[in-house]
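Engineer: Sequence:
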Amino acid sequence: MMQENISSIKALFNKLRFTVLFVVLLASALAGGALVSLIAWHAYAPLPYAQPNQLIWLHGSMVDDKDSVVMDKALSNVAAQYIAQHDTRLSMATPLHYGDALYMNHTSQPKLNLTYAEPTFFTLFEQKLVQGRYFSQGQADGVIPFEAVVSECFAKRYMPKLLEQQNHKQVYSMQLDQQTFQVVGVVACTQTEPQIYMPNRYTDVYISFGHTIDTHAMSQAHISVRYNTFVVGRSATAQIGQPISPDITAYLDTQFRAGLVDFGSALNNHVRFEYDALKQYLKGGIQQSSDWLLLSGGAFLLITLINLLTFYLLDIKKQQAQLVLKATLGAPLTTLRLAHYWQVIILFLLSAMCAVVLVELGVFAIQMFGAQSIAHLDWLQVNLLHYFMMFAVATVLALGFAVFGFKQLPFTSLYQNLQGAGKGQEKQLPQWFSVSILVTQLSIGMVVLCIGTWSANYFGSQMQTPSGIEVEDTVFVARHQVSWRQDEAAIAERKQLFLSNLQALSSHPKVAAVALSSLNPFDTSYLAQIGKQPVKSAQVTMHSQSVGEGYFTLLGIPLIAGDTFTRLDSARRESVIINRAAAEILDIGVEDIGLSLYGRSGQPIKLLGIVDNIYSHGKGAPATVYFPHDYFEGNMVVRFKPNQSMSKLELSQVLQQQAHGQSVREVVGLATHLSGLNQAAVLSFYSGLGLSFLMIMQVLVGLYGLLGNLVLAQQPVLLIKQQVGATRLQLIIEQIHSRLVHFGAAMLIATSVTLGLGAFLPTMASSLLLSYLCAVILSFIVLFIIEINHLRGQLKKY
1 MMQENISSIK ALFNKLRFTV LFVVLLASAL AGGALVSLIA WHAYAPLPYA QPNQLIWLHG
61 SMVDDKDSVV MDKALSNVAA QYIAQHDTRL SMATPLHYGD ALYMNHTSQP KLNLTYAEPT
121 FFTLFEQKLV QGRYFSQGQA DGVIPFEAVV SECFAKRYMP KLLEQQNHKQ VYSMQLDQQT
181 FQVVGVVACT QTEPQIYMPN RYTDVYISFG HTIDTHAMSQ AHISVRYNTF VVGRSATAQI
241 GQPISPDITA YLDTQFRAGL VDFGSALNNH VRFEYDALKQ YLKGGIQQSS DWLLLSGGAF
301 LLITLINLLT FYLLDIKKQQ AQLVLKATLG APLTTLRLAH YWQVIILFLL SAMCAVVLVE
361 LGVFAIQMFG AQSIAHLDWL QVNLLHYFMM FAVATVLALG FAVFGFKQLP FTSLYQNLQG
421 AGKGQEKQLP QWFSVSILVT QLSIGMVVLC IGTWSANYFG SQMQTPSGIE VEDTVFVARH
481 QVSWRQDEAA IAERKQLFLS NLQALSSHPK VAAVALSSLN PFDTSYLAQI GKQPVKSAQV
541 TMHSQSVGEG YFTLLGIPLI AGDTFTRLDS ARRESVIINR AAAEILDIGV EDIGLSLYGR
601 SGQPIKLLGI VDNIYSHGKG APATVYFPHD YFEGNMVVRF KPNQSMSKLE LSQVLQQQAH
661 GQSVREVVGL ATHLSGLNQA AVLSFYSGLG LSFLMIMQVL VGLYGLLGNL VLAQQPVLLI
721 KQQVGATRLQ LIIEQIHSRL VHFGAAMLIA TSVTLGLGAF LPTMASSLLL SYLCAVILSF
781 IVLFIIEINH LRGQLKKY
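Just so you know, UniProt numbering puts 782 at position 782 of the sequence shown, and the rest follows in order with no gaps.
One should not assume that every hint holds.
Unchecked claim - Have a look at the derived ranges for each label pair, beta carbon to beta carbon:
| hint | residue 1 | residue 2 | range |
| --- | --- | --- | --- |
| 1 | E470 | Q280 | 39 to 45 Å |
| 2 | G690 | L333 | 39 to 45 Å |
| 3 | A765 | G460 | 16 to 22 Å |
| 4 | P46 | S647 | 18 to 24 Å |
| 5 | G298 | R157 | 54 to 60 Å |
| 6 | L755 | V20 | 35 to 41 Å |
| 7 | T395 | A621 | 32 to 38 Å |
| 8 | C153 | S752 | 54 to 60 Å |
| 9 | P46 | I788 | 53 to 59 Å |
Unchecked claim - In silico lysine-lysine, DSS-like type, Cα no more than 25 Å apart, as pairs:
| hint | residue 1 | residue 2 |
| --- | --- | --- |
| 10 | K648 | K66 |
| 11 | K156 | K648 |
| 12 | K318 | K721 |
| 13 | K318 | K15 |
| 14 | K73 | K326 |
| 15 | K648 | K510 |
| 16 | K73 | K619 |
| 17 | K532 | K606 |
Derived from the structure by calculation, the hints contain no laboratory data.
Values in this document were obtained by computation on a predicted structure and should not be read as measured data.
Every residue gets a Cβ at the ideal spot worked out from N, C-alpha and C, and that includes glycine.
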């Protein structure tokens, strides 16, 4: 018995084509099923905190007088603090504000992630204290101490001696921007810090929330609604989706509207607040995706198993002669059956081992590519339980395959089976079942091939779309700015400093060109209203950017018509430049250069020029209006000479020669930034190709097995026809005619699906139908090549 078992296992390696195809397809299906199951569990698993179902966050929004949302998921700092302190339905709550600051008294002046919170935050989310204490919330006189708590990871990197001290007598301080804080505690680095503001963001320093509120300018604090401010807490009484206390809402709305009046704004906006589940906020997006992923993964696994079953049945029927011979020579049927079971189980376990590797690679890829868009992917982990379940499922499937396959080999009349082995005189699957699977396989193959061809063409063309900007050797330099005053003296002082910075950098031997720019060229966070008429209802909201002289030339953005800004335009601020996308929205052509446009103020602005779009896959080609630089922000774009570069420290040193207190907050390489924005297109392109290849491979394997089984079932009839005078060519043509009926039925199904997709995506219908035509032609060729190959092998030559 042992010898027979070993021989059956060795046989797997003697038929490598079958084994490799089977293992690759089954491993891919098992890995896909395991990954989507893991993602679904991650999406719906409870949060790793105490009483997770009672954790809530405050959904704040700003609406206009027509109840249209102006800002969603946004709060002012003062509103967040007031609600956290006064809503009695919250048993525990903390306001949160996420920001950053430069660590000024460190040589490299790194930019740190800051979280402004209250001590309740550490209890709520189980942030364990490693050393010291939490910062003080405030003193009796209302003064908030300048104290900070740092993360253990930050301390290990920048303050190792802080962790080494035992007596805690030495005082550590750190200058964050312009303020010095005393370090009073260290919290552990864990994966439990909630990624509320931004995925994959980890806090370096925690500071009391009170430092975010300027008590001397409360009116402005009430109207400063931000996207990086939150309230989170625990409540057993606050209902999800219900507004907060009407008294609190009325008070904050009154203060907000009073702030608008003090600011001189005529807007009639309001603020609203309601509670929502924190789990839904953190995992809502991935929950929606996981439902579809789970459905797709299950369908992919089912289709793969059906294809592999037909492939396996064809293989085992080819072994019938050998098995019947062994039984005739005296081998016990139980021994042959057990040996076959071992063969199939080893095949499935080998596939499961390969699937384990694919799952690990898949989790790594998901965490790497999804870290910037999906919160808490660090919670997506594979453990031994998942591996055990995968091997258990593989074993159960193997036994099912083996039992079903062996039953297809009758041993009741050994001589008859020996004579008929390999000639189709054995049990077969019902004809209707085989034909149904064949039609299904063909229709799936055509649809998948169509979608694969279309996606490769679509995302490939997106990858080839020019960005419209020269990003090589170019960086965006975000300057650390302290003064934001808008009086004439402050503006004149900043202007002189910015112009000095421009001159200093322009004369540096590594620098080719410099231009002022308020934002990164790909940043779309600033908005402006503009139109052909001063009436607000006739104006369009679009992205905006303030740029200086030489900006478009430095970045290589083509000028379509008109002129670009000069330094004189920055002084007058009476002109504007728009890009091609904005011109299309406003229905403006090159002949309209010099036309008067109108912004929110209603004052006329001269259209100075039209430039080409800037394109990225992540943001598309947004409509943008460019204003002349107003010297409010001193950020710059810098182009280096070929093969040259400058570090953040080098750039800071150049700026400090103009003013000692200057620092560089951040340096962003535009080539790297653009690559990150286009990453989704690249990933979609190669993922689509990979998935399409897998689907096509399994369809081919399924077709090969199905057509082989159908030919085996029909072989006796075909041989009889051949013996009474029919030629091989006549029989092949006859079989092709019957396959044309099956192909037509599959084509009808696939055409219906494709037309449905075309109706759902009308702008892409033409390219989708062209891809479908290619898929139909290729499927037709493949089907009849496999059919003719099987027929030629089964029909005798006369």
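Engineer: For the pair G298 and R157, does the Cβ-Cβ distance stay inside 54 to 60 Å?
Structural biologist: violated, 45 Å
Engineer: Need the status of pair K532, K606: alpha-carbon distance at most 25 Å?
Structural biologist: holds, 11 Å
Engineer: Going straight from one Cα to the other, do K73 and K619 come out at no more than 25 Å?
Structural biologist: The hint holds at about 21 Å.
Engineer: Is the hinted pair K156 and K648 satisfied, with a Cα-Cα distance of at most 25 Å?
Structural biologist: holds, 22 Å
Engineer: Has the hinted range 18 to 24 Å been met by the Cβ atoms of P46 and S647?
Structural biologist: violated, 45 Å
Engineer: Can the restraint linking K318 and K15 be considered satisfied, given a maximum Cα separation of 25 Å?
Structural biologist: Holds, at roughly 12 Å.
Engineer: Mind checking the hinted window 39 to 45 Å against the Cβ distance between E470 and Q280?
Structural biologist: With a Cβ separation near 43 Å, E470 and Q280 satisfy 39 to 45 Å, so the hint holds.
Engineer: Given the hint that K73 pairs with K326, test it: the Cα-Cα distance must not exceed 25 Å.
Structural biologist: With a Cα-Cα distance of about 73 Å, the restraint between K73 and K326 is violated, given a limit of 25 Å.
Engineer: Can you confirm whether the C-alpha distance between K648 and K510 stays at or below 25 Å?
Structural biologist: This hinted pair holds, its Cα atoms lying about 14 Å apart.
Engineer: The hint says 54 to 60 Å between C153 and S752; measuring C-beta to C-beta, is that right?
Structural biologist: holds, 56 Å
Engineer: Cβ-Cβ distance between T395 and A621: within 32 to 38 Å?
Structural biologist: violated, 53 Å
Engineer: How does the Cβ-Cβ distance of G690 and L333 compare with 39 to 45 Å: does it lie in that range?
Structural biologist: holds, 44 Å
Of the numbered hints listed earlier, those contradicted by the structure are 4, 5, 7, 10 and 14.
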